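**Student:** Mapping of the sequence shown onto this note's numbering: position 174 corresponds to residue 174, and the numbering continues sequentially without gaps.
Read the hints as simulated data drawn from the structure, not as lab findings. It cannot be assumed that every hint is accurate.
Claimed, not checked - Okay, the calculated beta carbon distance ranges per label pair:
| id | residue 1 | residue 2 | range |
| --- | --- | --- | --- |
| 1 | P167 | G16 | 41 to 51 Å |
| 2 | V49 | G16 | 17 to 27 Å |
| 3 | E265 | V56 | 46 to 56 Å |
| 4 | E82 | R12 | 43 to 53 Å |
| 5 | D258 | A48 | 21 to 31 Å |
| 6 | G16 | L209 | 19 to 29 Å |
| 7 | P83 | E121 | 39 to 49 Å |
| 8 | L209 | G17 | 39 to 49 Å |
| 9 | P215 | F15 | 43 to 53 Å |
As the list claims (entries may be wrong) - Calculated lysine to aspartate or glutamate pairs in the EDC-like style (CA-CA distance at most 20 Å, straight line):
| id | residue 1 | residue 2 |
| --- | --- | --- |
| 10 | K95 | D105 |
| 11 | K255 | E265 |
| 12 | K95 | E54 |
| 13 | K255 | E82 |
| 14 | K250 | E121 |
| 15 | K95 | D165 |
| 16 | K250 | D165 |
| 17 | K250 | D114 |
| 18 | K255 | E195 |
| 19 | K250 | E125 |
In this text, all values refer to a predicted model and were calculated from it rather than measured experimentally. Using N, Cα and C, we set each Cβ at its ideal position, and we do this for glycine too.
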Amino acid sequence: MLGGGITNHNFRARFGGREVVVRLPGNDTELLGSDRPGEREANTLAAAVGVAPEVVAYLEDPIVLVTAFVEGPTMEPAELREPRALVEVAAALAKIHGCGTIGADFDAFRLVEDYAATTRERGGEVPPAYGVAHAAATRIEAAPALDGDASVLCHDDLLPTNFIDTPEGIRIVDWEYSGMGNRWFDLGNFAVNNELGPAEEEAFLTAYLGGPPTPADLAALRLMRLMSDFREAMWGVVQQAISDLDFDFKAYATKHFDRLLAAIEGPEFEAQLEDVNAPR
């Protein structure tokens, strides 16, 4: 069994004379927003443009996804902040965002609300921080520049453990949350999960956009960093109500809520809401 996951069960095996990863979904993962047919579709499209492992097989009942095993270490945030990695990840995301469409959608604004509803339905407790974060999210969602961005295929779970460093380049795995959505969520998700600083954000967006980012571009990324933390915090909240895994989901939720609330209460938040609608 492969380590590193806290939602699914992943096994390394031999299949048809090759090394593969066999992925079995955990219990109730559909309540987390996972879409298994969408995962297969997205993984297949991403593999076709060279940024994900090949899909070898897929079973519907029970659901089993088999992908090629990718040889190499998972990456650390510090490695993903290096100039070479920022350029390579930006290029990979640009390929993903332009590689096609799938049947699944991803909307972080609705997902956090779904997590709250599921938590309550399962007898769990939604923390007071949710109300503060949701009020901020409503203001972010209302920004015309973000609302009007075209829907593209996004990965939506760009944690460092989902990047594998290979001799052929960085590969991205774990496509269960992928869907058609806002590219800025993907960009902000990568930035916050790998703790990019201001200079690294600029370098990353320069590589992605093919030129220097405008203040509106930087604001879009930074506001979606907040939405990424909100999603992660509420993922930890709903997991407390539905999961039987031995993992401290409460601490996970608290970590992301703390970082989110500090950013919302900081002076940059209001400036970002103004900047995001400036001309690009």
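**Student:** Could you run down the list of hints and mark each one as holding or not?
**Tutor:** Hints versus structure:
Under the hint 41 to 51 Å, the C-beta atoms of P167 and G16, about 23 Å apart, miss the expected range. For V49 paired with G16, a C-beta distance near 24 Å keeps the hint of 17 to 27 Å intact. Range check, E265 to V56: Cβ separation about 48 Å, and the 46 to 56 Å hint holds. Between E82 and R12 the beta carbons are some 28 Å apart, a value that contradicts the proposed interval 43 to 53 Å.
For the pair D258 and A48, the beta carbons lie near 40 Å from each other, so the given range of 21 to 31 Å is not met. Roughly 41 Å separates the CB atoms of G16 and L209, a value that falls outside the hinted 19 to 29 Å. Against the hinted window of 39 to 49 Å, the Cβ-Cβ separation of P83 and E121 comes to about 46 Å, which satisfies the hint. Distance hint check: the CB atoms of L209 and G17 are about 43 Å apart, consistent with the given range 39 to 49 Å.
Taken as a hint, the range 43 to 53 Å holds for the pair P215 and F15, whose Cβ atoms sit roughly 50 Å apart. Between the alpha carbons of K95 and D105 the distance comes to roughly 18 Å, so the proposed pair stays at or under 20 Å and holds. For the given pair, K255 sits about 16 Å from E265 by alpha-carbon distance, which is consistent with the 20 Å threshold. For the proposed pair K95 and E54, the alpha carbon gap of about 16 Å is at most 20 Å, so the pair holds.
For the suggested pair K255 and E82, the alpha carbons sit about 24 Å apart, so the restraint of at most 20 Å is broken. For the hint linking K250 to E121, the alpha-carbon distance of about 18 Å falls within 20 Å, and the restraint holds. Simply put, K95 and D165 have alpha-carbon atoms about 18 Å apart, close enough for the 20 Å limit, and the pair holds. For the hint linking K250 to D165, the alpha-carbon distance of about 31 Å lies beyond 20 Å, and the restraint is violated.
About 18 Å separates the Cα atoms of K250 and D114, which keeps this hinted pair within 20 Å; it holds. Restraint check: the Cα-Cα separation between K255 and E195 comes to about 14 Å, which is no more than 20 Å; the hinted pair holds. Between K250 and E125 the CA atoms are separated by roughly 11 Å; this keeps the pair inside 20 Å, and the hint holds.
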